[in-house]
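Assemble chain B onto chain A, guided by the hints.
For reference, the chains in residue letters:
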Amino acid sequence: MTVFDRRAAVARLLEGRQDLLVVSGLGSPTYDVAAAGDHPRNFYLWGAMGGAAMVGLGLALAQPRVPVLVVTGDGELLMGLGGLATIAAQNPSNLAVAVLDNERYGETGGQKSHTAYRTNLAAVARGCGLDDSRDIASADDLRSFAERIHRLGESSAVGVIKVSQHESPRVLPARDGGFLKDRLMKSLKLVSS
Amino acid sequence: MSADGGWPDSIFEVLQRFEVRQVAYVPDAGHTRLIERAHAAPGMTAVVLTTEEEGVALAAGAWLGGQRSVLLMQSSGVGNCVNMLSLIGLCRIPLLALVTMRGEWGEFNPWQIPMGQATPGALELAGVRVMRAERPEEAAEVVQAAAVIAYEAGAAAAVLLSQRLIGAKVFMK
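Chains as they are written, first to last, in my numbering: chain A, 1 to 193; chain B, 1 to 173.
With the rest of the complex left out, here is chain A (with noise of 0.2 Å):
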């Protein structure tokens, strides 16, 4: 099992980037996914804790030919673990989860996350009827994730990664939620700019 850079793992999976609309969860993925590149198409959350795959949805039902990408973390899906549900039900196959898994709430001073203890957010992922839940094991296992994550598929997706709880510079976006909200519907040309 190899334990990633959330870094780099990130900015892998938004390498080549086009049409892609990119979700963060508050807290490290919002930085990480900063730190890839500022880009139209983020949506970064501040907050809202738990929300982050459900808002991923509903631009993805909204949008059902533009791939739409979450990346949140452990803590984050744990607090709306049921969406993985709702996500499930609807199955929308432009619709990537990817859960940096640091086993830690990082924000907070580092507590164990349940996923230390004994919860696989995979398996969970699995059981919610998401059959397309993967453990991201290896540089290949990212490879094909990646891959996946940018085209339309058969279903949604879900993409563990374990990363290291290795803290980088916080690399701080734009938290004005309306400026955010224009930016990426002036993108979709849903507003003039």
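Since the hints were derived computationally from the structure, they do not count as laboratory data. In this text, a Cβ means the ideal position worked out from N, Cα and C, and glycines have one as well. Please note: incorrect hints may appear among the correct ones.
[Claimed, not checked] Which residues of chain A face chain B? A few of them, derived with a C-beta cut under 7 Å, are: (1) Met54; (2) Val55; (3) Ala88; (4) Ala89; (5) Ser93.
Same frame as chain A, now just chain B:
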């Protein structure tokens, strides 16, 4: 419109007129008919939730992607939404919630009363405009007014569908 369940159909027609595309719900007996209509409607996606705050986040994603949504729930679910509503307020995203009330008119279950009592206050504290429909014949009109506040004024609005309107749940022993 008949009083024996005609009001859900009249609400459904409002949702269609406003081109609502995603109908998220935690089931409630009072919303049964509306949920069935949403599932059957071409062009609408009915999304069953495990908890109500999922629907708040879903509404944000739907709007980002250019679709209008509505959130159907019962008053006991309003408390679940409070923190997630920050997303709606901060991002200035429209929200329309239709809340069937428990814990008010002829409620037999004491466990429904606290959240029923707190529902309008909790929504208002979280920045949601609260409107209320008491009678079947006004339901569509109130939902339409709330839909304008949501989708056109870009705000968050909830319509409380009173327990008197829905009919108090009766458990026969």
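Status of each hint after checking the structure:
1. A distance limit of 7 Å between C-beta atoms decides the matter here; for Met54/A the minimum to chain B is near 4 Å, and the interface restraint holds.
2. Among the interface hints, the one on Val55/A holds; its C-beta lies about 4 Å from the nearest C-beta in chain B, closer than the 7 Å criterion.
3. Taking 7 Å as the C-beta cut-off, the interface hint given for Ala88/A is violated, the closest approach to chain B being about 11 Å.
4. Evaluation of the Ala89/A hint against chain B yields a held restraint, the C-beta minimum of about 6 Å falling below 7 Å.
5. The interface hint given for Ser93/A is violated, since its Cβ lies 14 Å from the closest Cβ of chain B, which is over the 7 Å cut-off.
Of the hints listed earlier, those the structure fails to meet are numbers 3 and 5, in rising order.
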